[in-house]
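J.: This is what each chain is made of:
2 protein chains.
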Amino acid sequence: MKIKTMLKQKALFPYLLKGRYGIEREAQRVTLSGDFAGTDHPASLGNRSFHPYIQTDFAENQLELITPVADSVDELFRYLSAIHDVAYRSMAPEEMLWPLSMPPALPKEESAIVIAKLDQFEDVLYRRYLAKTYGKRKQMVSGIHFNFEFADSFIQRLYEESEQGIDYQGFKTELYLKVTRNYLHYRWFLTYFFGATPVSEANYFTDDQRPSEPVRSIRNSRYGYTNHPDVTVSYASLQDYLGDIAHLVETGKLSEEKEFYAPVRLRGGRRVADLAEAGIRYIEMRNIDIDPYAEYGISKEQVAFLHFFLLFLSTKEEGTDLDDWVKTGDRLNDEVALEHPLAQTAYLQEANDLVDELHRFAAELQLPEVPYLAQLADMLADPAMTFAGKLFQASQAENQAAVAKDLGLAYHHAAWARPYQLAGFRGLELSTQILMFDAIQKGIKVEVLDESDQFLRLQVGDHVEYVKNANMTSKDQYVVPLIMANKTVTKKVLADHGFHVPSGAEFATTADAIDYYPHIAKSGFVVKPKTTNYGLGISIFKEGASLADYQEAVAIAFAEDQSILVESFLAGTEYRFFVIDGRVDAILLRIPANVVGNGRQTIEELVNEKNLDPLRGSHHRSPLEWIQLGNLEQLMLKEQGYTIASIPAEGQIVYLRENSNISTGGDSIDVTDDFNEDYKAIAAAAVEALGAAICGIDLIIPDKTKPADSEGAYGIIEANFNPAMHMHVYPYSGAGQRLTMSVLRLLFPEVFVSSK
Amino acid sequence: MKIKTMLKQKALFPYLLKGRYGIEREAQRVTLSGDFAGTDHPASLGNRSFHPYIQTDFAENQLELITPVADSVDELFRYLSAIHDVAYRSMAPEEMLWPLSMPPALPKEESAIVIAKLDQFEDVLYRRYLAKTYGKRKQMVSGIHFNFEFADSFIQRLYEESEQGIDYQGFKTELYLKVTRNYLHYRWFLTYFFGATPVSEANYFTDDQRPSEPVRSIRNSRYGYTNHPDVTVSYASLQDYLGDIAHLVETGKLSEEKEFYAPVRLRGGRRVADLAEAGIRYIEMRNIDIDPYAEYGISKEQVAFLHFFLLFLSTKEEGTDLDDWVKTGDRLNDEVALEHPLAQTAYLQEANDLVDELHRFAAELQLPEVPYLAQLADMLADPAMTFAGKLFQASQAENQAAVAKDLGLAYHHAAWARPYQLAGFRGLELSTQILMFDAIQKGIKVEVLDESDQFLRLQVGDHVEYVKNANMTSKDQYVVPLIMANKTVTKKVLADHGFHVPSGAEFATTADAIDYYPHIAKSGFVVKPKTTNYGLGISIFKEGASLADYQEAVAIAFAEDQSILVESFLAGTEYRFFVIDGRVDAILLRIPANVVGNGRQTIEELVNEKNLDPLRGSHHRSPLEWIQLGNLEQLMLKEQGYTIASIPAEGQIVYLRENSNISTGGDSIDVTDDFNEDYKAIAAAAVEALGAAICGIDLIIPDKTKPADSEGAYGIIEANFNPAMHMHVYPYSGAGQRLTMSVLRLLFPEVFVSSK
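In order, the protein sequences belong to chains Z and H.
Residue numbering for the first sequence is 1 to 756, as defined by UniProt numbering.
Residue numbering for the second sequence is 1 to 756, as defined by UniProt numbering.
Possibly wrong hints are sitting among the right ones.
To be verified - With the C-beta cut set under 7 Å, the calculated list includes, among others, these residues of chain H facing chain Z:
no., residue
1, Trp-416
2, Phe-455
3, Asp-462
4, Tyr-478
5, Ile-483
6, Asn-486
7, Ile-514
8, Pro-518
Hints listed in this document are in silico derivations from the structure and should not be mistaken for laboratory results.
If you're wondering where the values come from, they're calculated on a predicted model, not measured in any experiment.
Think of the CB as a built atom: it goes at the ideal place given N, C-alpha and C, for glycine as much as any other residue.
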């Protein structure tokens, strides 16, 4: 294949760097001191029997984080970072991930290394076999598995440019075989730059079958986690590869196909044997050491470089004896892996030649800047710039374990800094981020169908659910939110079912509204636009109003909407009841933006201090918003006789807003557990009358200590579809209610039946 | 009760004319020549066993139209007119309603009068008993039953003003008893003005028990449809009333309670006996002759006057002997009823005194203008102005039957003039009007919860369904229309399920969109805003485009939305498939506004002629819109080398618009029956993949004669929630598809199981 010539066709240029990617990252759970964690797999992570994102590897304390297949490097890292975020915050807060491929100091007694407590007995049996064959300690090494596929659009166009002597599937298989052989031949080059296992910790090696440390990569050397030397497989053709593996299994040299620990595996279907039918669909590179300096074990730049390198390898001529070509690679790699991390490599000339070739290749194909490419020559000149070199040098001050602990702690703190956000998806609304967090935690597959529209696809097995804005789901009927969106209809439905709603009427003309005056003149009433929007256009007359005042209120309301409502005023405190699946899962009291005086600080100082709360931020990406000191707030202060420089007395509450919206700096007070069941029953029944599965219903309650069936005990003023959830999950005060988990429970009851 | 004093309290003023109303109107079905119709009850009217709106009275050809209870006179007449509209258009087109209380000429043989063929045998038995007791002919008279209730808010406030010596229910019962006795006493006054049965037609009277015609009201006289003279009931108290009726039934003078044909019935619950428990809740006035000059048998003005008159009667002092007071009324009424319609009444003085008293009453209570009040004195002075006088005088030219036939025809034509509209509800969107028509026809209770929002409540038995915009229902899941509203998500879901959709990508920035250029440069593509709005901002390049043209198209699309889509162009014809409940019920082809030349007329003349089609109108209140000759159309003509004065050749099609929207004058062509099942199966399956119960899905099909599974046979370009239905029901050409009925079948399958 003259692939290099084909690649130079302009028609191919848009597709050159299109690929599909997947990463598996293994990591030891350790204490915040960096000690081996003897605890069980976190219970919050749901059921390991189907979890697509977070599994256990060999040992119970060894997490395996698995991204879904991504169509871009950016997408890959959204998931990789999100899954890390979930993993960190699902472990006990006093545990973290060990940031190195080599495990932390292992227990002296091998029995203290506990095999993963998996449901499937065959999985446990396999691990027992591995423990027996290789020893438990060897299984404790962690790494990155990088799954890579050229985009189909790329291979299709490449095929179109080819002579097409074989069919498309055959062409693809040949392409991957060539890339694989070259990868195996040249992987010493990667080991030089990215090898990152210079030194082992205590009790990893317990015999003299060990390198003389430090090296570039224990893991990539013959002392790493490899099969016995007599396990050899040919990559000359797919038939050879499959035949050799089958033979190894038949002769008992491998217990099963997955025990074949090659640096590259050819992948097609679910099982190795599917490859014969389907041909190679992608390849899995298993030789990548964890990058200690990458928050998620591997950097975006490294992945982009690897893609570029694989593209290059597809064009690189091979030796004539294909098996020998691979075998030579094995030998070179072992040599380079066992070099001292600060020593120059014995293959400096070959490496520099390759670097030059890579530069020419990138230039010829007019590729955008390739990460690492510019640094490679320097890294060859100065081995301290390689991963292994850098880690080894840093370890000189104290030791490698101390460096690892500090790095682990930094990543741990980053994951916990804003516990309500989800790394990788911080552009989404907070409720959607929290829902995604919970989905990933419980092993529900989640895909963002449209980010700006907060549209998710969730899946467990064959069960698919679509979710928009975190709680618009299949569980509500289409017409129900439409009922709730219409205040008049909502009131009619609730009143028909016997619930207390403010009496009132709707008007489309000023004349009709004014005619209504005699009906309400003497009692408290509210005039508001039919479609209220953040409280605009609302006038409240707690004890009736003059005709002139009423007329003005009507005009103000009509300025906001074509229809207005005139309703009796209900005195009392407004509570938001969040009802889901017939149950009140949260009750919230919202208080207008305020500060409490201490007799020392000015209002401005008190506001600034209150705004330091990490729960506060802006643009709805935090559970609470910063309190502003704008015109509205200063006017409100002025009406109370304050300026921002006033110093309120100890305990004096100063309000900066009239409205209690969280979006204008209000406080959210969770009062779920302070309510009697009778009010909860009314809220749940009202939502049932509306037919809603998910609803935020607002009740005015004058005195919540009175029985809910007493005269005037409550009035329902609004029912909200797509009610905000983040303010309940992370309230200003009171216990948080994990409503996002309730949404998932509603959508996927099967996941919550018997979580393990 | 000093009710008059109480009424004068200002607090009561807003409530004086608040009431609840219901009307039952009976009518004979006749041919368009005015002959007795021997046909069965129309099959389209669904099942009479539960139909709340359209029943049969005594005979099979005698419709009974029943309004629901309405809270205002306007509301009452919306339903009354709508139910009439449905009745007219559910009968055979060669039948109409007879507009008089007295039946048309009856068959000579009584056996030709067929008793209503009802399901319940007890209903048939009862009618057989009536036929035997009173003769079938007497049962053929029709009338208005007027159910009236003072608003509870009125009685409540009246009660508050009273001495409250009795409980509220007792107070209410006393009020209604007084009004009833006074109504019976003074009903001669109404008979004078509104009596409208001066003459009978052939074969109504068959013996000499008949008045000497003409009179004011045969129906209200002793020759009308009354009980035998020995059936007398006291209205002195509720106990007396109930006791007397029970006694009459016990002694066999009445077969059952409902045979008590009083001019006023006291009403409480469903049965007479419920009255004892519940007290009187409303009264039913049965003495009202059909007004021949009112399209719906009674006018809004008459109902308003009756309410006013009843209010007045509540204040009017009674005689001391209550039974005698009623009995006197019966005598006076019989006398006035049997007076010649053009003669002055013997009670002119009493009548004029009453008129004066009514004027004073209205003035004292500062009531708005009361209909008829101003005319009463003139009607007393000139009997020809009364209903009976007017009808009798008109009949002098030919005969009463001819007058009746012409009036009936006028109402018939009015009902058929715009058969897609529903009288009373023409302010609603057309699809909602048609849906309401179908609901009323099938006996599904329908209530408009919010007119401007097109929000309906439908009910059969305990089964309630809410519907917005005619097809937003409980049958769709909330998230499904949200999927359809998002083109990117829709395409992902459809593509995931293996359907053909245009390939493409979404962009949020101009830079990203421009970067995409190499991917599409050489093939046909479309650039459009993500949220398309009536085709704005869309550029189509059928065979690729230059970078400059592409850049311009991107800018145009971004002017309309924050995100744009760039998609491959699909060549072919666009069809709208309307899918409901897994079935394709309609397929529509839309053609841009056009005229076809004839070599004689100018384009302007052709447009004007085409616009004469009664299906065309404006503002979406007709199935098609008028073709405009505005700037856009003239520009389009200019591009083709025409002006509006051009005369296109015979058969030449001239398009006035590029877009095919019906809203801009396009033609709707129903092609439902022109399609092979394979395309229908694809449309239905695609909608199933989206999870939608109701969806309008648009397919581009290059050649619909090719099998749907052939290469490039179709592409799905859009899925629409809340798809328009009126264009399918009343298309420009092709058979109409009654999609509104499909919606009702989806919502209420129980109604369609075995319609009779």
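J.: State for each hint whether it applies.
T.: Hints versus structure:
{"no.": "1", "hint": "Trp-416", "in the structure": "31 Å, violated"}
{"no.": "2", "hint": "Phe-455", "in the structure": "5 Å, holds"}
{"no.": "3", "hint": "Asp-462", "in the structure": "13 Å, violated"}
{"no.": "4", "hint": "Tyr-478", "in the structure": "4 Å, holds"}
{"no.": "5", "hint": "Ile-483", "in the structure": "6 Å, holds"}
{"no.": "6", "hint": "Asn-486", "in the structure": "5 Å, holds"}
{"no.": "7", "hint": "Ile-514", "in the structure": "12 Å, violated"}
{"no.": "8", "hint": "Pro-518", "in the structure": "4 Å, holds"}
Hint check: violations occur at hints 1, 3, 7; the rest are consistent with the structure.
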